[in-house]
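Residue numbers (our numbering), protein chains in the order written: chain A, 61 to 179; chain B, 217 to 323.
Hints may be right or wrong, so weigh each one.
Stated by the list, open to error - Counterexamples of contact, computed for chain B against chain A with all Cβ distances above 12 Å:
| id | residue |
| --- | --- |
| 1 | P224 |
| 2 | A229 |
| 3 | S242 |
| 4 | G246 |
| 5 | N272 |
| 6 | T285 |
| 7 | T288 |
| 8 | G293 |
| 9 | D298 |
| 10 | F299 |
| 11 | P311 |
| 12 | Q316 |
| 13 | K323 |
Claimed, not checked - Okay, the calculated bits of chain A under chain B, using three or more residues with CB under 8 Å as the criterion:
| id | stretch |
| --- | --- |
| 14 | 118-132 |
| 15 | 162-175 |
Claimed, not checked - Calculated cross-link-like contacts (lysine-lysine; reagent style DSS-like; alpha-carbon spacing at most 27 Å):
| id | chain 1 | residue 1 | chain 2 | residue 2 |
| --- | --- | --- | --- | --- |
| 16 | B | K261 | A | K73 |
| 17 | A | K83 | B | K255 |
| 18 | A | K119 | A | K79 |
| 19 | A | K79 | B | K323 |
| 20 | B | K258 | A | K119 |
| 21 | B | K261 | A | K79 |
| 22 | B | K261 | A | K83 |
| 23 | A | K83 | A | K119 |
| 24 | A | K79 | B | K258 |
| 25 | B | K258 | A | K83 |
| 26 | B | K261 | B | K323 |
Everything labelled a hint here was simulated from the structure, so no lab data went into it.
Everything numeric in this text was worked out from a predicted model, so none of it was measured.
Heads up, the beta-carbon is just placed ideally off N, CA and C, and yes, glycines get one too.
Below, each chain spelled out in residue letters.
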Amino acid sequence: QVQLVQSGAAVKKPGASVKVSCKASGYSFSSYDIHWVRQAPGQRLEWMGKIHAGTSNTKYSQNFQGRLAFTRDTSATTVYMELTSLRSEDAAVYYCARSPRTLDGFDVWGQGTMVTVSS
Amino acid sequence: DIQMTQSPSTLSASVGDRVTITCRASQSVGRWLAWYQQKPGKAPKLLIYDASTLQNGVPSRFSGSGSETQFTLTISGLQPDDFATYYCQHYHTYPWTFGQGTRVDIK
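All chains, please: the whole structure from these sequences, using the hints.
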C-alpha cells in the first residue's frame with residue numbers, strides 16, 4: 061500500500077543539525093511532491109516546504125532562513141530533510157506528507173519523527 | 217503570509233450532534249483549502265480537499281463548504297471516533313498555512 065515511513069526519534073544539542081528520512085513505497089515516487097510539516101508541542105501544524113521527488117525542485121518557508129534543506133534519492137525512493145543550527149524552538153514532531161497535485165491537500169503522511177533539542 | 221483562523225478553538229458535543237467548525241482566511245484562497253483530523257500521537261488525516269471534495273474512504277457525514285475567505289467543516293451525526301482535533305489548511309500560495317485547530321471533545 062501507499063506509505064511514507066520516517067526515521068526514528070532524534071535528540072540533538074543546540075547548534076547541531078538533524079537529518080530525517082522519509083521512505084516512500086507503493087506509488088510512483090518521482091511523480092509527486094513531498095512536503096515537510098512540523099508540530100511543536102501544543103502548537104498548530106507548520107508547513108516547512110516541499111521537494112518534487114522527480115525534478116528535485118524545492119520550495120522553502122522563509123521562516124527557516126537558510127537552515128533547511130531537502131534532498132532526495134530516487135534509487136532509494138527516499139526524501140531527506142536536514143535542519144541546521146538547531147534551537148530549543150525546533151523541538152517538534154516532523155512529518156513528511158505527499159500531495160497528489162501541485163496544489164492539493166496531503167493525502168499520505170509519514171508517522172512522524174520527534175526531534176528533541178536539549179543541552 | 218495568509219493567516220488561517222478557526223472557531224471555536226474547543227467544542228463540546230455529544231454523539232449524534234451536528235457539529236460545524238469555521239475557518240477564515242486573512243485573504244482569498246479561492247477553494248484551495250483542506251480539512252484534516254488529528255488524534256493524539258498520530259499524523260493528521262485528510263478529510264476534505266478543494267474546500268468540498270471528500271477524500272476517498274472518508275465517511276459521508278463529513279462535508280465542507282465555502283470559498284474565498286470563509287469555510288466550514290460539518291460533521292452530521294457525530295460518532296465516537298470523531299472526537300479529535302480538526303485543522304484547516306490553505307494551499308493557495310506559499311507558504312501554505314494551517315489554522316490553530318479545533319478540538320472536539322465529549323460533552
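Status of B/P224, Cβ more than 12 Å from any chain A Cβ: holds (15 Å)
Claimed clearance of chain A by B/N272, with the beta carbon kept past 12 Å: violated (8 Å)
Proposed proximity, A/K83 with B/K258 (alpha carbon, max 27 Å): holds (18 Å)
Distal placement of B/G293 relative to chain A, Cβ over 12 Å: holds (23 Å)
Hint consistency between A/K119 and A/K79 [alpha-carbon to alpha-carbon, up to 27 Å]: holds (18 Å)
Given hint B/K323 paired with A/K79 - CA-CA distance at most 27 Å: violated (42 Å)
Holds or violated: A/K83 to B/K255, with C-alpha atoms at most 27 Å apart: holds (23 Å)
Assertion that B/A229 lies outside the chain A interface [Cβ separation over 12 Å]: holds (21 Å)
Given as non-interface: B/T288, partner chain A, CB spacing beyond 12 Å: holds (16 Å)
Straight-line alpha-carbon gap A/K79 to B/K258, limit 27 Å: holds (21 Å)
Consistency of the no-contact label for B/K323, given chain A and a CB cut of 12 Å: Holds, because the least Cβ-Cβ distance between B/K323 and chain A comes to about 23 Å, which exceeds 12 Å.
Given pair status - B/K323, B/K261, alpha carbons within 27 Å: Roughly 23 Å separates the two Cα atoms, so the pair holds.
Comparing the model with each earlier hint shows violations of hints 4, 5, 11, 12, 16, 19; every other hint is respected.
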